[in-house]
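Position chain A relative to chain G; hints supplied.
Number of protein chains: 2
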Amino acid sequence: MILTLQEYYDPYSTEDLPEDLNYHLKMKDGIVNVYENNEDLENERPHDLPYADFETFVVDLSHILTMIADGPTKTYCHRRLNFLISKFYLHEMLNEMAELKELKKVPHRDFYNVRKVDTHIHAAACMSQKHLLTFIKKTYKSDADRVVLKKDGQKQTLKQVFDNLNMNPYDLTVDSLDVHAGRQTFHRFDKFNSMYNPVGASELREIFLKTDNLIDGEYFARIIKEVSHDLEESKYQHAEPRLSIYGHSPLEWDNLSSWFIQHKVYSPNTRWIIQVPRIYDIFKSRKLVPNFAKMLENIFLPLFEATVNPHKHKNLHVFLKYVSGFDSVDDESKHSDHMFSLKSPKPEQWDRDDNPPYSYYLFYMYANIMVLNNLRVECGLSTFQFRPHCGEAGSITHLVSAFLTADNISHGLNLKKSPVLQYLYYLAQVPIAMSPLSNNSLFLEYSKNPLREFLQKGLCVSLSTDDPMQFHYTKEPLMEEYAIAAQLWKLSTCDVCEIARNSVLQSGLSHQEKKYFLGENYLKDGPEGNNIHRTNVAQIRMAYRHETLWNELSFIVDAVKSDTMHSNFQ
Amino acid sequence: MILTLQEYYDPYSTEDLPEDLNYHLKMKDGIVNVYENNEDLENERPHDLPYADFETFVVDLSHILTMIADGPTKTYCHRRLNFLISKFYLHEMLNEMAELKELKKVPHRDFYNVRKVDTHIHAAACMSQKHLLTFIKKTYKSDADRVVLKKDGQKQTLKQVFDNLNMNPYDLTVDSLDVHAGRQTFHRFDKFNSMYNPVGASELREIFLKTDNLIDGEYFARIIKEVSHDLEESKYQHAEPRLSIYGHSPLEWDNLSSWFIQHKVYSPNTRWIIQVPRIYDIFKSRKLVPNFAKMLENIFLPLFEATVNPHKHKNLHVFLKYVSGFDSVDDESKHSDHMFSLKSPKPEQWDRDDNPPYSYYLFYMYANIMVLNNLRVECGLSTFQFRPHCGEAGSITHLVSAFLTADNISHGLNLKKSPVLQYLYYLAQVPIAMSPLSNNSLFLEYSKNPLREFLQKGLCVSLSTDDPMQFHYTKEPLMEEYAIAAQLWKLSTCDVCEIARNSVLQSGLSHQEKKYFLGENYLKDGPEGNNIHRTNVAQIRMAYRHETLWNELSFIVDAVKSDTMHSNFQ
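As you go down the protein sequences, you meet chains G and A in turn. Heads up, the first sequence is in this note's numbering, so the first residue is 1158 and it goes up one at a time. Heads up, the second sequence is in this note's numbering, so the first residue is 1158 and it goes up one at a time.
So that you can see chain G by itself, here it is in the shape it has in the complex:
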């Protein structure tokens, strides 16, 4: 057997640690500020980094909100979108067979061996229900007498846990496990959330699906590694599972990174995304945090610490190499009472019991990530994307906030409702990780899902599974997702390969990996940026997308020019 480079690579190595900078860090108005020394800190002279400005954000937000409600703008965008879809139909009719012919000529590359990234998947539900079931049974066979839980001060073995639940693991079925979404969950995000508890028992979730429990998250690590192993076996599939940081304690990051390193969770086919649930109100009511700023501090300060003083935070330093971004998660359909504006209190003053609104969360996550990224670039370290859940439900404002702050978003269903925003997402090519099977169980029937239409118009969409445990049936959830979309919407090979390409493009995979998976010049526009031998996307399709986008952008540039000229003549 020949050892590949991969096998020589030690993912947990700390040999590349940069020097500690001993900078001073302090949260100010909800954003971590960096000071080079004590004097600068005292004089409030932060290190020269761009710091996001709340006022600018609020002004921009209200500007776009006005724009998307403007009649003529709505008509214009609606018409352009209609034009885009009709143009694609024409393209399809004229070039479908030519595209297929191109693809047939590509040696050794087809839909099965182009790279696909599952761009939106939650670690706690990344295994199928059958996998979780088998894992629980297997674990019980070997570990029945192991102490796995501390409840009400009492330590319990796995056997005792099951005895208390009045259950024999051998008899357990996917029915009694009851983690699969169905008719009962449609428009019931609350019910859906409780399905993360196997057998409706929070004990089992605690034991099997948590990183910081009595067994140091050993079982969770093991099952995740089994999922990663399957991805590695498949060779062409990657995933970006979400792990949670809640912000109720400053120790969370240390625990999570220790878990990652202790259990050797690294896999070349996985990049990690940190999801922050928007549940300040719960922590506040439990008195875990005094105000919103403290929550932000718990989330972000440790990252700044690890960035400027890596020697003091080796575990976190290593873990962060494989973290590619942040996600903001929760039920978007929950209404917020607070009217977001310039008068909104600063995070330090947000000490009321109710939850800040979506836009508030987004701005402060964005602001901290931006500072952090710039600091990390200075230190020669990796940076993070901001990829919130957005537009799955709730107010259209969410999509505006994300447009101003996010690298890409998950879901984006509500773009259906605003032609202006949809057109903006198209023009800016903001990537959207869509999960039609998840939507089908929660918010929108499959046949009404806008994915196909978005794809036709040229929005940068990818396919993702969200929660295989709750939604999928087969051993290959991502392939199931692709298969159903391809079947139902009669997608061509070129269509599905374009979606796969989009998924790599928008993922947190490294520049090197993207070069290898998409082609050396993947950052260039149009056919030039596409290596058909890697992506199996027809150059005709690439040219069509490029010309079409160019055309739309030119229209606007011309309109602005003639408008300026017009004004000059007046």
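Keep in mind that a hint or two might mislead.
Remember, identical chains collapse to one label, so a pair may be satisfied in a single copy or spanning two.
[Unchecked claim] Below 27 Å or equal to it, Euclidean Cα-Cα: the simulated BS3-like pairs (lysine-lysine) are: (1) Lys1647 - Lys1574; (2) Lys1262 - Lys1316; (3) Lys1307 - Lys1671; (4) Lys1382 - Lys1392; (5) Lys1444 - Lys1298; (6) Lys1382 - Lys1632; (7) Lys1500 - Lys1444; (8) Lys1231 - Lys1605; (9) Lys1258 - Lys1348; (10) Lys1392 - Lys1295; (11) Lys1647 - Lys1491; (12) Lys1382 - Lys1681; (13) Lys1294 - Lys1262; (14) Lys1294 - Lys1261; (15) Lys1298 - Lys1392; (16) Lys1262 - Lys1632; (17) Lys1605 - Lys1469; (18) Lys1261 - Lys1367; (19) Lys1444 - Lys1491; (20) Lys1478 - Lys1444; (21) Lys1632 - Lys1294.
Calculated from the structure, these hints are not laboratory results.
Same frame as chain G, now just chain A:
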């Protein structure tokens, strides 16, 4: 390792051969007649078996044709069907959670480990496109220099075949293989049929997907065994693949059974169905048969031979143990010019060039199978089901013919168009093997597929794949079929388990196997016939189905009674 009973079983054993009877066989009016001795043969005194009567069939056919066109009958059936669906909605609303509760209590049994039979699948397309691709590449690696084909008198090695096609197997992809159905095949059965040729090359079909070629069907046997192996691994999945007998030569059966035994194709998870393509016209034009009777003789006479003289036909005798039935296949949308009636010529007189109509094929297949089955029962041998493709497209008459002759049918889409026939299929519980993904690529969009409605009304429907090579994407085609149906139609666990139960019920699995998979009393009606520990179908559901059917049947009995009374009083 403990040897199970299965492993002691020799599927190819000929120890159980019954005695040869030396009966005389002769085809008369398209039906094989059996004579005990020469004298009986001369006096035309056939052995006492029921022989189907053409006249009765024609009369019954026209009777039902009249009935399904009768206005009041249509209204009645339409209303009953509407009632059935509304009643099911009510049942669902009231009992859904109770059914689920029942299922949660069943230990160790869930949708994943109930038995499922793929009731309709063609052997030549039973592997996925990816599987076929990998198989071709793998075979080329080891067998490039093997002589595999004789073309125009010249023997060719595998390498020469690929060289002539100007192709390197290493470069082959699913795109260039081009066996997957897509938008191009919708309403184009002709295009679809040509997709059985990998790379559009009949050579590759000849080498890899045929039983009687220069290599004695070795590759085809090997790939089928790989598919069977996957089924055995899955443990709970079975399949009934179709193998072709064309009727152009009396030697076909010997070849097929030798192939089966030589390559040891037997698998405990497979039963074989013989498909007879309705292509007399092609054989006639090639002068392979003089008339239709000869085709029937080629198909059926060898079976009678093997039945009465097993010692002379050991291979065929063994093979027939694992053949569970017959299928009649071809594009139903092809129009037939011939008006089927009492005046239609007998098969011996059918020497014209055009093809007999669907009903004609069906009657003569049915008639021969009926005689054969009765003869085999006398000899203590297995019998055969008649399970034609029917109602996929074409005239509604097809469904009438099948109603009179078939044990169950494949597709049945056109029942949508006739309330009377649909109601008859319901009352008689004629099983229907449906393949919505196949339909979606060929005849009917998924969202318009009547499967869900049929299930709700209580028709006995199962799910099958038809042609995984052309339609499916994942490594588990049957699970993909179930997954998509469950997702799109939001089927409950009880729904999918009911479909799985139907599939076992209508399959050609043995009585012993059905007892084991469904419960000892599976032949009894209602909950009594159901072992929930085996099927995971709720007893509430079984009771509902039973009562509902009983109710519908009573209605008719009562109506007939009161009608008779009414007539008596007149």
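How would you label the pair Lys1647, Lys1574 (within, between, both, or neither) given a Cα cut-off of 27 Å? both (25 Å within a copy, 25 Å between copies)
When no copy is specified for Lys1258 and Lys1348, does a C-alpha distance of 27 Å or less occur within a copy, between copies, both, or neither? Between copies, since 17 Å is at most 27 Å while 48 Å is not.
At most 27 Å between C-alpha atoms: does Lys1500 with Lys1444 qualify within a copy, between copies, both, or neither? So Lys1500 and Lys1444 pass the 27 Å test inside one copy only (25 Å; across, 92 Å).
27 Å Cα threshold - placement of Lys1294 relative to Lys1632: both (18 Å within a copy, 25 Å between copies)
Checking Lys1444 and Lys1298: alpha-carbon separation at most 27 Å within a copy, between copies, both or neither? Close neither inside one copy (40 Å) nor across copies (67 Å); limit 27 Å.
Please sort Lys1605 with Lys1469 into within, between, both or neither, judging by C-alpha distance up to 27 Å. For Lys1605 and Lys1469, the Cα distance exceeds 27 Å both inside one copy (52 Å) and across copies (63 Å).
Measure nothing new, just compare the shortest in-copy and cross-copy C-alpha distances for Lys1382 and Lys1681 to 27 Å and report within, between, both or neither. neither (35 Å within a copy, 48 Å between copies)
Have a look at Lys1262 and Lys1632 and pick one of within, between, both or neither, based on CA distance no larger than 27 Å. Classified as between; 25 Å across copies, 31 Å inside a copy.
When no copy is specified for Lys1647 and Lys1491, does a C-alpha distance of 27 Å or less occur within a copy, between copies, both, or neither? between (35 Å within a copy, 25 Å between copies)
When Cα atoms must be at most 27 Å apart, do Lys1444 and Lys1491 count as within-copy, between-copy, both, or neither? Within one copy only: 22 Å inside, 75 Å across.
I want to check one pair: Lys1261 and Lys1367. Are their C-alpha atoms no more than 27 Å apart within a copy, between two copies, both, or neither? between (46 Å within a copy, 25 Å between copies)
For the identical chains here, do Lys1294 and Lys1261 meet the 27 Å Cα criterion within one copy, between copies, both, or neither? between (46 Å within a copy, 17 Å between copies)
Of the numbered hints stated above, those contradicted by the structure are hints 3, 5, 12, 17, 20, listed in ascending order.
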